[in-house]
Amino acid sequence: MDRSLIPLIFGMAAVTYLPRLAPFLFFSNARIPGRLDAFLKCIPVAAIGALIIPGAFTATPDLPWAGVAGMGFTLVYGLFKGGIIVPVLGAVAVAWLVLSSV
Amino acid sequence: MQHSDTRDALKAGIPIFIGYFPAAVAFGVLARTTGTTFGEAMLFSIVVFAGASQFIALNLLATGMGPVGIILTTLLVNFRHFLMSAYLSTRICEKAVKYYLPMAFGVTDETFSVMSFTRKILTRQFVMLLELTAYTGWVSGTLAGFVLGRFMPAILTQSMGVALYALLLAILMPELKTSLRSLVLALASGLFNWFLVTVDVLPKGWSIIVCILLVASAGAFLNPDFIKKDNTHG
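Line order of the protein sequences matches chains G and U.
Under the numbering used here, the first residue of the first sequence carries the number 1, and numbering increases by one thereafter.
Under the numbering used here, the first residue of the second sequence carries the number 1, and numbering increases by one thereafter.
No lab work stands behind these hints: they were computed from the structure.
Note that this is a predicted model, so its numbers are computed, not measured.
Possibly wrong hints are sitting among the right ones.
To be verified - Keeping only pairs whose Cα atoms sit at most 20 Å apart, straight-line, the calculated SDA-like set for lysine to any residue is:
| no. | chain 1 | residue 1 | chain 2 | residue 2 |
| --- | --- | --- | --- | --- |
| 1 | G | Lys81 | U | Lys177 |
| 2 | G | Lys81 | U | Glu175 |
| 3 | U | Lys95 | U | Phe105 |
| 4 | U | Lys177 | U | Leu187 |
| 5 | U | Lys177 | U | Arg119 |
| 6 | U | Lys204 | U | Leu214 |
| 7 | U | Lys11 | G | Val86 |
| 8 | U | Lys204 | G | Phe57 |
| 9 | U | Lys98 | U | Phe82 |
| 10 | G | Lys81 | U | Ser179 |
| 11 | U | Lys177 | G | Gly83 |
| 12 | U | Lys204 | G | Pro19 |
| 13 | U | Lys98 | G | Ala22 |
| 14 | U | Lys204 | U | Pro67 |
| 15 | G | Lys81 | U | Leu183 |
| 16 | U | Lys11 | U | Lys120 |
| 17 | U | Lys204 | G | Tyr17 |
| 18 | U | Lys177 | U | Ala188 |
| 19 | U | Lys120 | U | Ser4 |
| 20 | U | Lys204 | U | Met65 |
| 21 | U | Lys95 | G | Arg31 |
| 22 | U | Lys204 | G | Ala13 |
| 23 | U | Lys11 | U | Gly106 |
| 24 | U | Lys120 | G | Gly83 |
Chain G with its partners taken away, still in its complex shape (with noise of 0.2 Å):
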């Protein structure tokens, strides 16, 4: 093979480690004024709601009705009960399942 992609893959480490880096140097031992702190508090609702839509539309590319299926479950199954591990794999069954009888 005339290419290797060891450099690129150490760029890319690089790259992504700083930014999950930097903030934990500058920040943990500032004190945070009370709006930024807000603003702070709001990143994880906004970051999740925003990683999921429209995301979860495109998941199973071939046909997205399967994905979303699945995302009804892991709803579905959230709004009366709870837990993590049955909505994760519910949700991969739920696909296969619509996946497999198309």
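Knowing the structure of chain G, use the given hints to seat chain U on it.
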């Protein structure tokens, strides 16, 4: 105390393992089919440890993009972790800098999501064991995917694509059920991201960053006391 940290970390980490394993299997399968060697595929998961950008890198390699373009794309796609680490750095109770190095390496969408909705104090034992469990799922899944890939039916590989999204939704559900404000913020962020992805004016990965910045700003501006009751560091 240490004992309960271990138990809690495994309890929170095993669902991430279960979510990561199939996604990493899919990465291993895809890596094989795009002509990546076994060593390269493993190295990807061992040193980069970032799902979305690893998939994107394979796609970009297939389109013939050079390493500089791929590294820049990776930076954009993973810059959202800067915001997540910024949040976590205020929550994790640890003063020794040497522990930041491994703890920061393990910050991913899913470990961040679990930690941000963990009510108790985040000790380094909890954080590192949680992240290690997730990492193990990612690396071992890549191995399994590459090795067993040719025997796996495509339909199963594709079904596994939903696992990570289901994991994120399952983590978020308890918060959405108890807080109308969180439900509104999460929906607003998701719909706004959908809009940005549809109009397609931002480079890949930036729409999520813009959503986090704008929606979290709006949340902070509208209500400075947001989740004040959970303030564990101030």
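Against the structure, the hints:
At roughly 11 Å between alpha-carbon atoms, G:Lys81 and U:Lys177 fall within 20 Å of each other, so this suggested pair holds. For the hint linking G:Lys81 to U:Glu175, the alpha-carbon distance of about 13 Å falls within 20 Å, and the restraint holds. With a C-alpha separation of about 17 Å, the suggested pair U:Lys95 and U:Phe105 falls inside the 20 Å cut-off, and the hint holds. As the CA atoms of U:Lys177 and U:Leu187 are separated by approximately 13 Å, the hinted pair is consistent with the 20 Å bound.
In summary, the hint linking U:Lys177 to U:Arg119 is supported, as the alpha carbons are separated by about 16 Å, within the 20 Å threshold. Restraint check: the Cα-Cα separation between U:Lys204 and U:Leu214 comes to about 17 Å, which is no more than 20 Å; the hinted pair holds. Pair hint U:Lys11 plus G:Val86 holds up; C-alpha atoms about 14 Å apart against a cutoff of 20 Å. Restraint check for U:Lys204 and G:Phe57: satisfied, since their Cα atoms lie roughly 17 Å apart, inside the 20 Å limit.
For the proposed pair U:Lys98 and U:Phe82, the alpha carbon gap of about 19 Å is at most 20 Å, so the pair holds. This hinted pair checks out: G:Lys81 and U:Ser179 have alpha carbons roughly 17 Å apart, not beyond 20 Å. A threshold of 20 Å between alpha carbons decides the hint, and for U:Lys177 with G:Gly83 the separation of about 13 Å falls inside it, so the pair holds. Taking the CA atoms of U:Lys204 and G:Pro19, the gap is near 17 Å; set against the 20 Å cutoff, the hint holds.
Distance restraint check for U:Lys98 and G:Ala22: the Cα-Cα separation of roughly 13 Å lies within the 20 Å cut-off, and the hinted pair is therefore satisfied. The straight-line distance between the Cα atoms of U:Lys204 and U:Pro67 is roughly 16 Å, inside the 20 Å bound, and the hint therefore holds. Simply put, G:Lys81 and U:Leu183 have alpha-carbon atoms about 18 Å apart, close enough for the 20 Å limit, and the pair holds. Taking the CA atoms of U:Lys11 and U:Lys120, the gap is near 14 Å; set against the 20 Å cutoff, the hint holds.
Simply put, U:Lys204 and G:Tyr17 have alpha-carbon atoms about 19 Å apart, close enough for the 20 Å limit, and the pair holds. Distance check on the hinted pair: U:Lys177 and U:Ala188 sit about 16 Å apart at the alpha-carbon level, within 20 Å; holds. A hinted pair counts as satisfied when its Cα atoms are at most 20 Å apart, and U:Lys120 with U:Ser4 qualifies at roughly 11 Å. Taking the CA atoms of U:Lys204 and U:Met65, the gap is near 14 Å; set against the 20 Å cutoff, the hint holds.
Between the alpha carbons of U:Lys95 and G:Arg31 the distance comes to roughly 14 Å, so the proposed pair stays at or under 20 Å and holds. For the proposed pair U:Lys204 and G:Ala13, the alpha carbon gap of about 18 Å is at most 20 Å, so the pair holds. A threshold of 20 Å between alpha carbons decides the hint, and for U:Lys11 with U:Gly106 the separation of about 17 Å falls inside it, so the pair holds. Between the alpha carbons of U:Lys120 and G:Gly83 the distance comes to roughly 18 Å, so the proposed pair stays at or under 20 Å and holds.
The structure shown violates none of the earlier numbered hints.
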